[in-house]
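Put together the whole structure using the sequences plus the hints.
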Amino acid sequence: MTEKLANTPGAAPVRGPRNLIFEAGAPESRCVEAPALDVPLTAVDDLLGGRARTTAPALPSVTEIDIMRHYSHLASMNFGVDSGMYPLGSCTMKYNPRVNELACRLPGFAGIHPYQPEETVQGALELMVGLADALAEISGLPGVTLQPAAGAHGELTALMVIRAAHTARGDARKKVIIPDTAHGTNPASVTMCGYETVTILSDEKGQVDVEALKAALDEDVAAFMLTNPNTVGLFDENIVEITEAVHAVGAYAYCDGANLNAILGKARPGDMGFDAMHINLHKTFSTPHGGGGPGAGPICVSEELAGFLPGPLPVEFEDGSFGLGWPEHTIGRVRSFYGNFGVIVRAFAYVRALGGEGLKEVAEQAVLSANYLKCKLEGAFDVPYGRTCMHEFVMSGSRQKREHGVRTLDMAKRLLDYGFHPPTIYFPLLVEEAMMIEPTETEPLAALDAFAEVMLTIADEVARDPELVKAAPYTTPVRRLDEAGAARNPDLRWKPAGE
Amino acid sequence: MRYIPVTCEQREAMLRAVGVSTIDELFSMIPESVRFDSALDLPDGLSEIELDALLRSLAGENEGAADLVSFLGAGCYDHYIPSVVDSVVSKPEFFTAYTPYQPEVSQGTLQAIYEYQSMICQLTGMDVSNASMYDGATAFVEAALMAARITKRHTMLCASTVHPEWQNTLATYADAGTLEIAEFPQVTGGVVNLADVEARLSAGDIGALLVQSPNFFGNFEDLAALGKLAHDAGALFVVAVNPILLGIVEPPSAYGADIVVGEGQPLGNAASYGGPGLGFFACAEKFVRQMPGRVVGRTTDVDGAMAFVLTLSTREQHIRREKATSNICSNHALNALTACVYMAAVGPHGLEGIARAALAKAHYLRDALLATGKFVAPWDAHFGYEFTLAYNGDVAEMHDAMLARGFLAGVSVADVEAEWPTGVADAENLVVFAVTEKRTKEEMDAFVEEVASL
Chain D
1 MTEKLANTPG
11 AAPVRGPRNL
21 IFEAGAPESR
31 CVEAPALDVP
41 LTAVDDLLGG
51 RARTTAPALP
61 SVTEIDIMRH
71 YSHLASMNFG
81 VDSGMYPLGS
91 CTMKYNPRVN
101 ELACRLPGFA
111 GIHPYQPEET
121 VQGALELMVG
131 LADALAEISG
141 LPGVTLQPAA
151 GAHGELTALM
161 VIRAAHTARG
171 DARKKVIIPD
181 TAHGTNPASV
191 TMCGYETVTI
201 LSDEKGQVDV
211 EALKAALDED
221 VAAFMLTNPN
231 TVGLFDENIV
241 EITEAVHAVG
251 AYAYCDGANL
261 NAILGKARPG
271 DMGFDAMHIN
281 LHKTFSTPHG
291 GGGPGAGPIC
301 VSEELAGFLP
311 GPLPVEFEDG
321 SFGLGWPEHT
331 IGRVRSFYGN
341 FGVIVRAFAY
351 VRALGGEGLK
361 EVAEQAVLSA
371 NYLKCKLEGA
381 FDVPYGRTCM
391 HEFVMSGSRQ
401 KREHGVRTLD
411 MAKRLLDYGF
421 HPPTIYFPLL
431 VEEAMMIEPT
441 ETEPLAALDA
451 FAEVMLTIAD
461 EVARDPELVK
471 AAPYTTPVRR
481 LDEAGAARNP
491 DLRWKPAGE
Chain Z
1 MRYIPVTCEQ
11 REAMLRAVGV
21 STIDELFSMI
31 PESVRFDSAL
41 DLPDGLSEIE
51 LDALLRSLAG
61 ENEGAADLVS
71 FLGAGCYDHY
81 IPSVVDSVVS
91 KPEFFTAYTP
101 YQPEVSQGTL
111 QAIYEYQSMI
121 CQLTGMDVSN
131 ASMYDGATAF
141 VEAALMAARI
151 TKRHTMLCAS
161 TVHPEWQNTL
171 ATYADAGTLE
181 IAEFPQVTGG
191 VVNLADVEAR
201 LSAGDIGALL
211 VQSPNFFGNF
221 EDLAALGKLA
231 HDAGALFVVA
241 VNPILLGIVE
251 PPSAYGADIV
261 VGEGQPLGNA
271 ASYGGPGLGF
281 FACAEKFVRQ
291 MPGRVVGRTT
301 DVDGAMAFVL
311 TLSTREQHIR
321 REKATSNICS
331 NHALNALTAC
341 VYMAAVGPHG
351 LEGIARAALA
361 KAHYLRDALL
371 ATGKFVAPWD
381 AHFGYEFTLA
391 YNGDVAEMHD
401 AMLARGFLAG
411 VSVADVEAEW
421 PTGVADAENL
431 VVFAVTEKRT
441 KEEMDAFVEE
451 VASL
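Protein chains in written order, with the numbering used here: chain D, 1 to 499; chain Z, 1 to 454.
Take the hints with a grain of salt, since some may be wrong.
No farther apart than 25 Å at their CA atoms in a straight line, the calculated lysine-lysine pairs in the DSS-like style are these [unchecked claim]:
1) Z/K152 / D/K174
2) D/K175 / Z/K323
3) D/K401 / D/K495
4) Z/K152 / Z/K286
5) D/K174 / Z/K323
6) Z/K152 / D/K495
7) D/K174 / D/K214
8) D/K205 / D/K174
Don't read these hints as lab results, they were simulated from the structure.
Listed below in structure tokens is the structure:
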């Protein structure tokens, strides 16, 4: 019944799936068409040298109202920060200010071409220099490129810069060390940069095991990558000893900046001895995640590494005008053009809205909100690393699993029935049945309280009626999916009848 | 405080609940020696009114497609963006969501990506598409990396007519990683020299032949011949394409392409100073488990209802870590949604019409520019809606003069990238012009008249 209703033409969306856009409209339906031709057109196939397409692509044929109804329905099946609390650990799902959305759509930003003469894009270049300068100040690292398109792209770019610096000294190195708490992108970037990954185990406090690190460090190590604050939500108290040990063997210390939100204006990676870091503008600097991008992953590096950054970089000339330039020993390009400019505009707007004091308050409230939630939940759930956390903390569902056979995944699905997005689950890998919770500074106190209450209710349900939780969710647009079947028999596209 | 909803009073209550008296106690785990006790040296925060004025003033210092008549292309195009596109893309449920890790509440993003994948397969003629990559250049590099994994051959043969920024991106990744780049083949008549390609392919263990058609100069390569050469040498055939032209041009699958990539910006995405656009990436079904990036599959839920989910994730970094097919995590999902809505809005009929209009206008402008005597044709190749002419004079002076008259007079080949192996004579005089469906006869006639008067 619900499925039929969901696909009734003209009916507002109700719970249940919607037919594909390919099934809407009719062959003669039109939405946007080309303007009438005002110049002659001779035989297309001749102009194309015999390359004319013989069969039209089977794209949808629909009208504008078909499109709006279809994608409005799809939107209604999505959960965003605007829908409700989204405490996805390490993802910093904070509110996305609307003035930033207006800004990046201004014709002077959205309508400019990357090959325009520099004198016609002075405002864009000034904005990019402004954001780069702000990131240098915030990170304590003076060399900045805004080019990388995402955090993982930034990691890879920084490793390329580090490799180039070693190579310039005739010092080819082979390995990069990461802790077992690292994001999966770290080792994947290491491989793409032609290095071998060496993983070291964390100590019992969830921090870098300094002795294990020292044992792994040698003259073949190019870099040590560390997320700090780390992925269990702790600031590594041995950070100075760590970066000194890394430098002692001639390696570079790299900071994965995924958790920068916790330390804005409170501590700077450059001051901790890091030589390079990436910053996720789509986390710390409030640009929207877009359902999986576009993000932006600028990197900040030390003076020593700055000459190797990819180009071109926005620069300010002595006469106060702006242009593009190349670092002296540049590694080259890591993408087309200059970066995800539309994302850069939003991040610039965020920095200017808050100012230095405002950014510091972001960190303070993010850390306070995480600690507040942790205090509310640590009675009902195991919190393996119990001391004060930074902007996020990791709980374990192992008690619920052991005592009632209910897994973290089940509790996450049950949260959906209560209207909350679940935390990051099963990461970091060193915590069994992990739930990584990051409320961010933009959640109202009432939302934090409600979330805590729901988590405690679910803990109760686990004890009273584990089967209820194990079959959740019940109220979502669709229920649990056959993910194994999806991977076993991949159906990755719609096919027209007869194909 | 801006964007922080917790009040001072609530903050005090929260501190008490946590059992500390000041916020700074929560930061005590940061060693004193690395605490940042001063104020960040940044401008003071602004009210929304002040911020809006600042942003408008910066935007106002730029002259864009709204102010100037643009013939710029070379990887970023001034196509019309249908009004319905931003209406969909600016729905907050789409743009404020994260990567769809919880499929039960992410069906909107997931189904839209599945539709996007389906449309990319329709355009390119390929079997499977991923959920998108950062841009055309990085998709191109990922295709080379994937070809190396499949063939176990790490040397790539790249046509020297590929966008120079893409070539340089490939070179950067090759320098840092495991790829090698073979000596570039010569350019003859504005396209890659077939005999040279054949010689390079027969000389070594080439993992893939990578070409772009239309190429950087706007010219169509001989994909049929190139595809055969690649396959005869045991190499994969990687083809980069312009998605708009696929409305009227035979898809690369017709020429045996193994991997097809491209810059998806023309599909409804703003120029936005070159980003964010998206890289599209499609391949033959037999290679799907070597593909980089996210992929959405169709399945069912426990009630048997149609549902969508991220799948084949054992290729990916969060599962496979250092053995992943790529380090990519975030892709360009919102730009893929943009492309999806664009393709739905134009449909096969609209896309064909837009491509035909651009094709007709580009040929009209080229003929008219040649008729001024100010330009000569460096070659006689077939092209789409972008073409290259040699200017009889100083290109920079012509550009300045035409800018003063309100025109962006094409992309100077010499300005694009400091060093790239074009192998083309007199490259400093070459200008690449792009003419989209938005340009009118009136604009083109005015442009030709002005340039003739220089």
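To see whether the hints hold, each was checked on the structure:
no. : hint            : result
1   : Z/K152 / D/K174 : 21 Å, holds
2   : D/K175 / Z/K323 : 15 Å, holds
3   : D/K401 / D/K495 : 42 Å, violated
4   : Z/K152 / Z/K286 : 16 Å, holds
5   : D/K174 / Z/K323 : 16 Å, holds
6   : Z/K152 / D/K495 : 32 Å, violated
7   : D/K174 / D/K214 : 17 Å, holds
8   : D/K205 / D/K174 : 30 Å, violated
This entry does not satisfy hints 3, 6, 8, going by the numbered hints stated previously.
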